[in-house]
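Using the sequences and the hints given, assemble the complete structure.
Going line by line, the protein sequences match chains A and B. Using our numbering, the first residue of the first sequence is number 9, and each one after it goes up by one. Using our numbering, the first residue of the second sequence is number 14, and each one after it goes up by one.
Treat the hints as calculated values from the structure; they're not laboratory data. A virtual CB, placed ideally from N, CA and C, is assigned to each residue, including glycine. Check before you lean on any hint, since a few could be wrong.
[Claimed, not checked] Where chain B lies over chain A, by a calculated footprint (3+ residues, C-beta under 8 Å):
no., segment
1, 65 to 71
2, 88 to 95
3, 109 to 120
4, 180 to 190
[Stated by the list, open to error] A few chain B positions that, by computed beta-carbon distances, are all more than 10 Å from chain A:
no., residue
5, 146
6, 174
7, 177
8, 181
9, 189
10, 197
11, 227
12, 257
13, 287
14, 295
15, 312
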Amino acid sequence: MSATDLVNGVLIGGLYVLVALGLSLVFGVLRLINLAHGALVVGAAYLALWLSNEAGLQAFAALPLVVVAAAVFGYALQRVLLTDLLLKAPEVGIVGTFGLAVIAEAAFAAGFTSNAQGLSSSLGSSGVTIAGVTMRSSLLLAFALAVVLSLGLHLVIRRTRPGTALRAAAANPATAALMGINVNQIFALTLALAAALAAVAGVLDGVSASFVPTSDQALLLTGIAVVVVGGVGNVLGTLVAGLGLGLVQAIGVGLFGGGYSNLVIYVVFFVTLAVRPSGLLAGRSL
Amino acid sequence: MRLSPASWARAVVEDPWGRTGAASSFAALVAAGGVAFALGGTLGDYGLNLGATLFAYVVLAEAWNILAGLSGQVSLGVGAFVGVGAYAMGLLMVHDGLGWLPGLVVATAAGGALALALAVPLLRLRGDYFAVGTLAASLALQAWLLNWSFAGGSSGISIPIAAVPSLLALYEIGVVVAVIGVGTAIVVRGSRFGLRLLAVREHEEAAASLSVDTRRQRLYALVVSSLLMGLAGGTFALLQVSFEPNGMLGLNWTISALLMVVVGGTGTILGPIAGAIFVYYVVATELANYPTASFFLEGGLLVLIVRFAPRGVVPLVFDGVRAAARRRHAARG
Numbered sequence: 009m010s011a012t013d014l015v016n017g018v019l020i021g022g023l024y025v026l027v028a029l030g031l032s033l034v035f036g037v038l039r040l041i042n043l044a045h046g047a048l049v050v051g052a053a054y055l056a057l058w059l060s061n062e063a064g065l066q067a068f069a070a071l072p073l074v075v076v077a078a079a080v081f082g083y084a085l086q087r088v089l090l091t092d093l094l095l096k097a098p099e100v101g102i103v104g105t106f107g108l109a110v111i112a113e114a115a116f117a118a119g120f121t122s123n124a125q126g127l128s129s130s131l132g133s134s135g136v137t138i139a140g141v142t143m144r145s146s147l148l149l150a151f152a153l154a155v156v157l158s159l160g161l162h163l164v165i166r167r168t169r170p171g172t173a174l175r176a177a178a179a180n181p182a183t184a185a186l187m188g189i190n191v192n193q194i195f196a197l198t199l200a201l202a203a204a205l206a207a208v209a210g211v212l213d214g215v216s217a218s219f220v221p222t223s224d225q226a227l228l229l230t231g232i233a234v235v236v237v238g239g240v241g242n243v244l245g246t247l248v249a250g251l252g253l254g255l256v257q258a259i260g261v262g263l264f265g266g267g268y269s270n271l272v273i274y275v276v277f278f279v280t281l282a283v284r285p286s287g288l289l290a291g292r293s294l
Numbered sequence: 014m015r016l017s018p019a020s021w022a023r024a025v026v027e028d029p030w031g032r033t034g035a036a037s038s039f040a041a042l043v044a045a046g047g048v049a050f051a052l053g054g055t056l057g058d059y060g061l062n063l064g065a066t067l068f069a070y071v072v073l074a075e076a077w078n079i080l081a082g083l084s085g086q087v088s089l090g091v092g093a094f095v096g097v098g099a100y101a102m103g104l105l106m107v108h109d110g111l112g113w114l115p116g117l118v119v120a121t122a123a124g125g126a127l128a129l130a131l132a133v134p135l136l137r138l139r140g141d142y143f144a145v146g147t148l149a150a151s152l153a154l155q156a157w158l159l160n161w162s163f164a165g166g167s168s169g170i171s172i173p174i175a176a177v178p179s180l181l182a183l184y185e186i187g188v189v190v191a192v193i194g195v196g197t198a199i200v201v202r203g204s205r206f207g208l209r210l211l212a213v214r215e216h217e218e219a220a221a222s223l224s225v226d227t228r229r230q231r232l233y234a235l236v237v238s239s240l241l242m243g244l245a246g247g248t249f250a251l252l253q254v255s256f257e258p259n260g261m262l263g264l265n266w267t268i269s270a271l272l273m274v275v276v277g278g279t280g281t282i283l284g285p286i287a288g289a290i291f292v293y294y295v296v297a298t299e300l301a302n303y304p305t306a307s308f309f310l311e312g313g314l315l316v317l318i319v320r321f322a323p324r325g326v327v328p329l330v331f332d333g334v335r336a337a338a339r340r341r342h343a344a345r346g
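Structure, rendered in structure tokens:
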């Protein structure tokens, strides 16, 4: 494997970070593994595709629209459905979001067929060469966004008043409510923020690779792997874990071949779960 | 689904499928199995195929129900256990000329063996983490099989046609397999083991404080359910004849099992059967030509049921009948 492969592996890790940030946030604040998160990512890619087909918008011109639409959708979803589910029992949330993912896959297939699609952008195929290492522009952008959004999210959660309210609601919703924090509002805004992050991930993923209606499954699993390896709710841990998984995947592909790219991630994920299950929960430091 | 200790105790006492119901449940099961077996001679090819597939789904649903409904461990990796059963049996039939009967035994054992192999990491996980861990295990296994050329890679394997039983025999195998699956569920549900599982599901720490070895109970539930999933996988392999990793280790098995159990009634014996009949008949046969519509319906049902009737349909019907009987009783004075 060449230096180019390894560097691009880390850059692909930036995509994984973008997928995982929203997942980590929802898991940390709502205590919910949102099995529909992958569908949010793929849904954003399909929305950008639709905007490109109907309005002729390039992928990155459509990005702001897609992010706003995803945030509104996420807010409404939490208000209408998910809060009720979370009040019932933890496993109800996982079954309900699983159902949502199944519906979403059917909707994507109905609207856009099961054929592989991609988002057209001048950044998709161009590259940047530095010191003999050629990096794909779209992946470089994903990497940069991953670093910026992770650090930004970390600062917002740690250093601002809304971030403090968020942490309070995550630590103990009942006590936070007694302190005058509107917990339902915080929860809905959390899902809106997570959906917006998913939308960024979806557009960049759609530019960098092709996608099909069932792409959400592998994206979801990769995202969960990053969250678990990095520690739930630990934003900077998510950043490091995502970039690290990208690198490990590049090494695995270099050693065993391209067919094993997803297998490498699943194995790292499963071994992490097996070796450090207590460490995973101990990482709950939102 | 989380009950207070008092309401949980009342539910156990009132549940017609609890301990006291085991003997009569068994009589009903054997009678139903006999009727189904006898019906085989009157069915055409289409009916036989439909029946055999339905029976295999009943086993799958009961297996998932033992794990998720009774012990509270929601598995999203059903495909791993079904697929391992199907592949273990298929590979031995292709390469070693194994017959279908020892093949089904191998399939069952393979499901159980996978459960034992995965138990060490999986049983350290609880709740959501367990669900995600099973999903990761099944996707990893699927990714590996897609690359394993001995097992045909992405094009899969075909069981030799000569070794596949006739359609009538497949139907009868299905009946026997379904009786084994439902019978296992009745035994588990009515036993001390089943009560311990319920205790673990409702409150693991409280169960442990009453000297229930919770890890061992969770292990037993995982193994029993995986044996049945392996058996279901072997039956599906005989029905499909040729199969490949995307289908045989796919998420479709999880969707089906989860939907059948959640629609019918989690933790009950009749629920998964009713759910399997409803889901398989409506979704898989009536909507067979509209795969998109059936996915919409499956996902929509899942969301609606957990939102508005998280206990499932069968308990609702039971409650309705009981309430009607009480009203009639009261009206007579």
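Examine the segment 109 to 120 of chain A for residues whose CB is less than 8 Å from any CB of chain B, and state whether their number is three or more. Three-residue rule met by the segment 109 to 120 of chain A, so holds; n is 9.
Grab the minimum beta-carbon distance between residue 312 of chain B and chain A and tell me whether it stays above 10 Å. violated (3 Å)
May I ask you to check that residue 189 of chain B keeps its beta-carbon over 10 Å from the closest beta-carbon of chain A? Residue 189 of chain B is indeed farther than 10 Å from all Cβ atoms of chain A, at 31 Å.
Grab the minimum beta-carbon distance between residue 174 of chain B and chain A and tell me whether it stays above 10 Å. Non-interface label stands for residue 174 of chain B: nearest chain A Cβ at 30 Å, farther than 10 Å.
Per the stated criterion, does the least C-beta distance between residue 177 of chain B and chain A lie above 10 Å, as a non-interface residue requires? holds (30 Å)
Does residue 197 of chain B really sit off the interface, with its C-beta more than 10 Å from all C-beta atoms of chain A? holds (23 Å)
Is the claim that residue 295 of chain B lies outside the interface with chain A correct, judged by CB distances over 10 Å? holds (15 Å)
Just want to verify: residue 146 of chain B was marked as not at the interface with chain A; is every Cβ pair farther apart than 10 Å? Per Cβ check, residue 146 of chain B is inside 10 Å of chain A; nearest 5 Å; violated.
Regarding the assertion that residue 287 of chain B does not contact chain A, is the least Cβ-Cβ distance greater than 10 Å? holds (18 Å)
Beyond 10 Å from every Cβ of chain A: is that where the Cβ of residue 181 of chain B lies? holds (35 Å)
Given as non-interface: residue 227 of chain B, partner chain A, CB spacing beyond 10 Å: Its Cβ never comes within 10 Å of chain A, the nearest being 15 Å, so this holds.
Would residue 257 of chain B pass as off the interface with chain A, using Cβ distances and a cut of 10 Å? holds (14 Å)
Violated hints for the displayed structure, listed by number in ascending order: 1, 4, 5, 15.
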